[in-house]
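Asker: Each chain, written out:
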Amino acid sequence: MATLNDLRAAITQLLGFPSVPSVLQLNSNTRERAFECYVFALVLRAVRQAGGTVELQGILSGPNPNPLVFRGGPGHLGSRAQDFCYARCSLNGRDFEVHADVAYLGSSGASHEIDVSLCDRSVADAVRQNPGLLPNTRGLRAAIECKFYDSQLGTALGRTFVGLVDDCGRVVVKTFVTNGRSAPLAAYFSKASRPEVFFEVSPLIAGSRDRFAGVVEQALRRWAGVA
Amino acid sequence: MLTDDEARTAYQEVLQKLRGVGAHGLADEIELAVGRGRVQERERQPMQERLPATAALEIALRMLTTWVEPVFLMSEAKTVLREASAVDIGEVRWAHDRLDIVEPDPRSAALLTGDGQAVSEMPQVDVRQLEELRIQIERLHDLVAELVAAEGE
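Top to bottom, those sequences are chains A and B. According to the working numbering, the residues represented by the first sequence are 1 to 227, in order. According to the working numbering, the residues represented by the second sequence are 1 to 153, in order.
Incorrect hints may have been included.
So the derived list for chain A, only partly shown, Cβ under 7 Å to chain B, looks like this [as the list claims (entries may be wrong)]:
| hint | residue |
| --- | --- |
| 1 | L15 |
| 2 | R31 |
| 3 | T53 |
| 4 | I59 |
| 5 | L60 |
| 6 | P65 |
| 7 | N66 |
Computed spacing ranges between beta-carbons, pair by pair [said to hold, decoys possible]:
| hint | chain 1 | residue 1 | chain 2 | residue 2 | range |
| --- | --- | --- | --- | --- | --- |
| 8 | A | A183 | B | E31 | 37 to 43 Å |
| 9 | B | Q124 | A | S193 | 25 to 31 Å |
| 10 | A | D95 | B | R8 | 54 to 60 Å |
| 11 | A | S22 | B | Q12 | 45 to 51 Å |
Only part of the chain A face toward chain B is listed, based on derived beta-carbon distances under 8 Å [claimed, not checked]:
| hint | residue |
| --- | --- |
| 12 | L164 |
| 13 | R170 |
| 14 | S208 |
If you are wondering where the hints come from, they were derived from the structure by calculation, not from laboratory data. All C-beta atoms in this analysis are idealised placements derived from N, C-alpha and C, irrespective of residue type, glycine included.
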């Protein structure tokens with residue numbers, strides 16, 4: 001049974017670990033972007049698991065950019081302000097791209113920032129010819145909302161995301177992913193037709209990340225007609 | 001099992017230690033979540049409830065372990081990206097999209113750090129250190145699980 005001294009020792013040991021104090025000082029934006037990058041990577045794993053190909057691209061430098069530059073906030077898919085990276089993928093004849101933090105134009109005419117998205121390559125290519133334009137959600141295939149756990153994982157986040165995907169036409173993957181957990185949010189998403197929610201997607205918790213990648217993989221297989 | 005007084009003491013010590021290592025933001029976030037009660041969202045009627053000391057301690061410890069996660073996230077993201085793309089992944093940076101800002105060409109490298117802080121500043125932790133850190137976090141997770149179990153009895 002845990003004692004006060006056990007707790008004190010465990011906390012002191014953790015805080016005494018060399019890199020921990022500096023990690024604890026990262027701001028919330030940095031934590032959110034790190035989580036989005038992780039989910040972006042898991043989506044690419046799903047593409048590979050489905051039998052697809054993946055090539056990382058820099059919008060300025062081309063294939064295999066180094067360093068990888070992600071958006072630090074919502075931006076334009078066609079922006080050449082930095083060497084923003086994305087992934088070019090193919091699966092059973094379907095060509096598409098995976099992006100992080102890109103804004104899309106919903107069917108209502110409103111713009112929506114999507115944390116991790118998957119869109120047809122033809123749509124992305126067209127937007128890169130006109131970098132000021134937003135891609136239309138007609139070419140959007142996956143919309144993934146990422147949320148690094150904080151104390152505010154309330155149902156309001158779920159409602160916002162439901163409103164977003166309702167304005168995005170027919171997407172094959174619509175999921176809310178967090179490394180935290182929330183009973184109210186779970187109850188909110190449990191209703192049929194709402195986006196799927198994945199809690200505790202984390203390198204520290206075995207199982208959840210694989211389940212998420214597996215669900216994305218299956219959705220991509222169905223979409224691309226992969227047996 | 002901790003008594004209410006012990007849980008309260010431990011909670012205060014966690015906050016004090018966090019501030020001691022410069023993690024003021026996390027300490028403040030924990031206090032926001034715990035100190036004045038937690039708002040429970042209900043379908044129609046938001047309500048506030050006082051938290052028992054053990055529950056407050058649990059929230060503090062869960063937030064502490066979660067906030068250490070970015071080093072694991074980035075380490076595993078690089079591994080997964082390398083496996084998926086079959087190329088070595090070097091540095092990962094974050095930059096704000098400054099489409100609306102007219103910049104001289106070539107653009108300043110300073111832009112790459114975006115607003116305030118970039119993940120490229122994240123401490124580098126090697127595989128052996130990550131494993132040690134993982135063990136320490138799992139130890140804390142186990143202790144939190146014991147706390148929660150005892151609370152439910």
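Asker: Should the interface hint for P65 (chain A) be scored as holding, given a Cβ-Cβ cut-off of 7 Å against chain B?
Answerer: violated, 9 Å
Asker: Against chain B, with CB atoms and a cut of 7 Å, does the hint on R31 (chain A) hold up?
Answerer: Check passed: Cβ of R31 (chain A) comes within 5 Å of chain B, closer than 7 Å.
Asker: Given a cut of 7 Å on the nearest C-beta pair, is the interface hint for I59 (chain A) held or broken against chain B?
Answerer: violated, 11 Å
Asker: May I ask you to test the hint 54 to 60 Å on the CB atoms belonging to D95 (chain A) and R8 (chain B)?
Answerer: With a Cβ separation near 59 Å, D95 (chain A) and R8 (chain B) satisfy 54 to 60 Å, so the hint holds.
Asker: Any CB of chain B closer than 7 Å to the CB of L60 (chain A)?
Answerer: Check failed: Cβ of L60 (chain A) comes no nearer than 10 Å to chain B, outside 7 Å.
Asker: For the hint 25 to 31 Å, verify it against the beta carbon of Q124 (chain B) and that of S193 (chain A).
Answerer: violated, 44 Å
Asker: Range hint 45 to 51 Å: satisfied by the CB atoms of S22 (chain A) and Q12 (chain B)?
Answerer: violated, 24 Å
Asker: The hint names S208 (chain A) as touching chain B; please verify it with the least Cβ-Cβ distance against 8 Å.
Answerer: violated, 13 Å
Asker: Just to be careful: measuring from the Cβ of T53 (chain A) to every Cβ in chain B, is the smallest value less than 7 Å?
Answerer: It is violated, given that the least Cβ distance between T53 (chain A) and chain B is near 9 Å, above 7 Å.
Asker: Does the CB of R170 (chain A) sit less than 8 Å away from some CB of chain B?
Answerer: Check failed: Cβ of R170 (chain A) comes no nearer than 26 Å to chain B, outside 8 Å.
Asker: If I claimed the Cβ atoms of A183 (chain A) and E31 (chain B) lie 37 to 43 Å apart, would that claim hold in this structure?
Answerer: violated, 22 Å
Asker: Given a cut of 7 Å on the nearest C-beta pair, is the interface hint for N66 (chain A) held or broken against chain B?
Answerer: holds, 4 Å
When each numbered hint is compared with the structure, violations occur for hints 3, 4, 5, 6, 8, 9, 11, 12, 13, 14.
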